[in-house]
Structure formats: C-alpha cells, structure tokens
Amino acid sequence: MANERTFLLTAVEPVATATWRLRLSGDTTGLCRAGQFVMVSVPGRYLRRPISVCDCEPGLLTLIVKVMGEGTAELVSLAPGTPLQLLCGLGNGFDIEATPRDKEAMIIGGGVGVAPLLLLCKQLREADRHVTAVLGFNTRADIFLERELEAAGADVIVATADGTAGCQGFVTDAIRMCSLKSDYFYACGPRPMLKAVCQQLRQAGEVSTEERMGCGAGICYGCTCQTTDGPKRTCKEGPVFKKEELVW
Amino acid sequence: MVDLSVNLGGIPLDNPIIPASGTCGFGLELNEWYDINILGAISLKGTTREARFGNALPRIAECRQGLINSVGLENPGIEKLLAEKIPALRAIYRKPIIANISGFCVEDFAFCAERAEGCADIDILEANVSCPNVHGGGMALGTDPKVAAEVTRAVKKASSKPVFVKLTPNVTDITAIARACEEAGADGLTVINTLLGMRIDIRTRKPVVAASTGGFSGPAVFPIALRAVWQVARACRIPVMGCGGVSTAEEVIEMMMAGASAVQVGSANLVDPMACKRIIEQLPEVMERLGLKDLKQLKIN
Ligand SMILES: Cc1cc2nc3c(=O)[nH]c(=O)nc-3n(C[C@H](O)[C@H](O)[C@H](O)COP(=O)(O)OP(=O)(O)OC[C@H]3O[C@@H](n4cnc5c(N)ncnc54)[C@H](O)[C@@H]3O)c2cc1C
Ligand SMILES: Cc1cc2nc3c(=O)[nH]c(=O)nc-3n(C[C@H](O)[C@H](O)[C@H](O)COP(=O)(O)O)c2cc1C
Ligand code: FES
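Heads up: the sequence lines are chains Y and Z, in that order. Each number in my numbering comes from the position in the first sequence (counting from 1) with 107 added on. Each number in my numbering comes from the position in the second sequence (counting from 1) with 339 added on.
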C-alpha cells in the first residue's frame, strides 16, 4: 500500500564517484518489495525525486543516490538528522516468482541502476534462487555494491567500459565473454543497456525503466509509456516491465 | 463550528475543494491515497471523442515553484469514460462529478456533451477550451471569443447539465472570452488552465518535454490565476471555479475573496497526493483565525 511517511536521515556515506548511500530510519512495514521506489521531497525543489529502494530492513531504509542535477546534489548534502517526507511503496517491483524455484536468476545493473539489485538479490536468495549479478560501470571509481551483493550470496561479475576493473566492455560483453547462463533475468540501468540486454538474452526476463515523473503516485499520467499491452504508467504499472512488453 | 459548505451555481458542495482535471485521474487513482468522499467535488481527467495516447515522453519538466506538463489529453475516449470510468467511480464516491471534455473542433465538444447527457452520474460538464497541449483545437478554441462562444452554445444545446467553460490565461483579455461564454449560455467558468511554457535542458540543448512546449502550473501561477478570477468575477454574473497555483487553505480563501465560488487544486496533488485532504482539514482552523463563520460571499473590501 502506497502512502506518505516521514523518515529520519541517519547517515550519508560516499560509495563511489558522486554516488552516496543514504540511510534512513522510520517505519518500513509493508514496504519491502524489491524494485519499488520512493518519491523523496527535496528542500527547495518543487517535484519529488524518484529513488529506488536499495535495501530495506525493519526500521531502516537504504537508498543510493547519484548526483545528476540540483535536486540530487541537495539531497546528498542534507545533514544527518534531517526529516525526509517520502511517498513509499510505489511501483510494481520485481517478480521473484518469475524465476523457477532452484533455478538461476541473473541480475544485471548499469551505473546507478545497480541500486535496486541488492534487495532483489536478498529476496531471490531467501526464495532459494541462485543469483549471478552482472554490474556495469564506466570506470573502477564508479563501482559500488559489489561486496554487498557478494555478501548477499550472488556470484558477482563486474564490467567497466574502460577496462579499469573486471571485464572490459558493457554488461552484454561480460555475459558473452564469461558465457553466463541463467533461466530468467532482471535488469536495471540506462535505456541503451536495457535494450542491448533484452536483444542479446534469449531467456525471459524483466527490466526496470526510468521516466520523468510528475507525481510518481499514479495520478497525473505524466509517465505513461507505450507497451505491447497498451499504455501503462511507469510509476504504477511499472517501473518493472516484462521484456516482451517493452516497445523500444 | 465553521461552515465549509458552498453553492456552485445551484449545486451544493460540502466544501469548496475540487481536485483539478488531470491531477486526480478518474478519481479511483486518488482514492488510493485517501477516501475521496471528503472532497467538495471532483473534476475528472480531460476526455475526448476518441481515445488518445497523448504526447511522447518526457511529458514533465520541473520549474521553480511549478512544473510544465505536456500530457496531451491521454484518455480512453468518451465511451469508455461513460461505460467504465464513471460507473467505477460512482460505486465508491457520492459527491458531485465534473466531467472535463475537450476536442479539436466544435463538433467534438457537441458529441461528447451529447454522449454525457445520458449519464446521470455526471453533475457538471467542464468544457476545456484551453488545453495548450494539443495542436489545432485545444487552446485555439479558447483564445477567440467567437469560437469559445460557439463551443459553449454547442455544448449547451447538446446537454441539459450545468456547463462550466474552462478558460485559458494565454489571451490578451480574459474577460472578453469570459463574457462571450456567458452570453452564449455558460452556467459557469473555470479560471484558469495552464500557461504555455517551455524549458530547455542546457546540457543536451533540447527542450525538456518532447512536445517542446507545455502547460505551466503550480504555486508560481497563483497571482496570475487570482488576478484572472478577480477580473472574470467582476465582468460576469455566472459562478467561477478558481484554479491555479493553490496549495494552502489560505490561498483557497484568497481565491474566494477574489470571487471564486469553489476552488480547484491541481499541481499540489502531484507533489502531495494528500494535498486536497490536507487543505480541507486546515480550512476550519484558518477560517477561525480569520473570524470567518462560513465561506459564502467572501469579498474584498
Ligand atoms: C523509478 C526510478 C528509480 C530511480 N532510482 C534511482 C536511484 O535509486 N538512485 C539514483 O541516483 N537515481 C535514481 N533515479 C533517477 C533519479 O530520479 C534522477 O537522477 C533524479 O530525479 C535527478 O534529479 P536532479 O534534481 O538531480 O536532476 P535535474 O535534472 O535537475 O532534475 C530535473 C527534473 O527532472 C527529473 N529527472 C532528471 N533525470 C531523471 C531521471 N533519470 N529519471 C527520472 N527523472 C529524472 C527530476 O526528478 C526533476 O523532476 C530513478 C528514477 C526512476 C524513474
Ligand atoms: C499533469 C496535468 C494534467 C492536466 N490535464 C488537464 C486536463 O486534462 N484538462 C484540463 O482542463 N486541465 C488540465 N490540467 C490543468 C489543471 O486542471 C489546472 O487548470 C492547472 O494545472 C492550473 O492549476 P494548478 O496550478 O493548481 O495546477 C492539467 C494540469 C496538469 C498539471
Ligand atoms: S508520474 Fe504521475 S502518473 Fe506516473
């Protein structure tokens, strides 16, 4: 159930170039579906910012924020102790059950799109699915969540576009070079990456998409995208869509 | 105890707060956030003769104290509105329903009004001659007094329901359009729709919204909306629904002092889906502070 809640910012820690981990304390009951997002109100900005849930434990919410413009810059400069108004429990989230029991799930992230994979990984592991994580970054200094995903039980493969860490190239190159196999995939990242992943991988899968939002709450239709199943709101029927639903 | 009730051209409302068209979906979307029976009335998303996907993405650009939208009248078409959306809303909602209709020519409006006439659940028709997001039609119909009057006449002819014409601020003299609509038989006016606006992403050198321009709304437009409501209320005798930039109970009262009989809240719902609920809850306190017992006949001295 989507609703508004107040969280307290407890820590802001750098995790990679221009990328920060925000820890928030507050009531997390009923919010912990991987792939869902929150709309964070940022002091001085008119619209809230959509940010994926990176991790969620009772009383503790973790977000990863990459500074892209003024709003995200303001967000990561807030002092611990600042209260934040969040619209919570937004979007459909990933479908854990789509990976058959005891089968292989591949979770693929590009850049800040890696953020929602941590909770996803934990939930897949809890549900006894094997997890391979393929993470794509531009360069070594951009890498984050690699160790956390390993600790959560995933086999982690990193690709960097400049070859400063892991395989050189994109996630699709890493999947090909390492002959990675899976029964189902989940992906989140920039649109060109999502497109390449959907074209290269034969197996079924789902991807989390990004769109500019007005409300994030399903009321303004500012985020409606065309799918093979008709128009859908990215913030409500999405942000996760099945591979075959997407129109590129 | 203060009295929040108002009278909108003969239609009693429990309170003056109405979520504006396009910012509350077809009602059920907003009902996911709170019980919408607390509202004075609701204005549904703009509906056209045929279904529309709307404009390409992105459709939203943030601004200081507001936003630009170029949703472009995404809607399932009038038949689906009548067959599905309104019955679904009526099943959970008891207050007045305002159906917002739009079109590309006078006949489109007449068609929608005629179809809506058969739907007893619609209490008011709001003819949107002010949408800046569709080409050839939309706002073009609301910038010429003669055409606006023609639309009004056509809608009035096709329907016995109270008709409010929703005006655009993107004109030299809004009172000329308002008077033309009044003379053509409008039962009321909604003032204002969005202002035509634009943002450019200076990194990519591209307009932020795919349609290049869109409708600007939010707190920044409040003084413009207030001025327009004041001008129109003085120029016409029919009731005005004030709309534009309202996000607090104080602004509701200010809008009513300018001459509005009821107040629509738009963009505020996007920032806070609970905005209308919050305003309704704050109204009694603000009224008490101002020594107001009710909201009828608020005027400027
Ligand atoms: C479902 C979803 C989940 C997301 N999860 C994360 C996350 O976990 N971590 C993270 O760092 N970023 C995430 N993003 C992207 C993040 O929302 C944008 O980077 C952020 O809104 C940019 O705000 P800004 O003020 O810094 O940039 P500005 O360019 O100044 O923002 C101006 C406006 O454009 C919007 N906007 C700009 N870029 C984007 C974008 N890529 N997507 C959506 N809206 C945008 C802003 O929200 C704002 O309304 C997510 C986006 C979506 C849609
Ligand atoms: C996302 C969005 C969609 C809108 N869609 C419609 C519409 O379909 N029909 C209409 O008459 N007005 C529409 N409007 C205009 C609003 O109803 C309102 O007139 C305008 O936004 C000014 O009020 P505000 O500043 O409170 O938002 C829309 C506004 C927004 C922000
Ligand atoms: S952003 Fe408003 S409906 Fe999705």
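No wet-lab data here; the hints were simulated from the structure. Yeah, the Cβ is synthetic: ideal placement off N, Cα and C, and Gly gets one too. Check the hints yourself; a few may be wrong.
Claimed, not checked - Only part of the chain Z face toward chain Y is listed, based on derived beta-carbon distances under 7 Å:
| hint | residue |
| --- | --- |
| 1 | C363 |
| 2 | G364 |
| 3 | L369 |
| 4 | E389 |
| 5 | A390 |
| 6 | F392 |
| 7 | L396 |
| 8 | R398 |
| 9 | E401 |
| 10 | N408 |
| 11 | E413 |
| 12 | L609 |
| 13 | P612 |
Status of each hint after checking the structure:
1. C363: holds (6 Å)
2. G364: Given a least distance of 5 Å, the restraint on Z/G364 holds.
3. L369: At 6 Å from the nearest chain Y Cβ, Z/L369 passes the 7 Å test, so the hint holds.
4. E389: violated (14 Å)
5. A390: violated (9 Å)
6. F392: holds (6 Å)
7. L396: Given a least distance of 6 Å, the restraint on Z/L396 holds.
8. R398: Since the shortest Cβ distance to chain Y is 5 Å, the answer is holds.
9. E401: OK, holds: Z/E401 within 7 Å of chain Y, min 5 Å.
10. N408: holds (6 Å)
11. E413: Result: holds, 5 Å to nearest chain Y Cβ.
12. L609: holds (4 Å)
13. P612: holds (5 Å)
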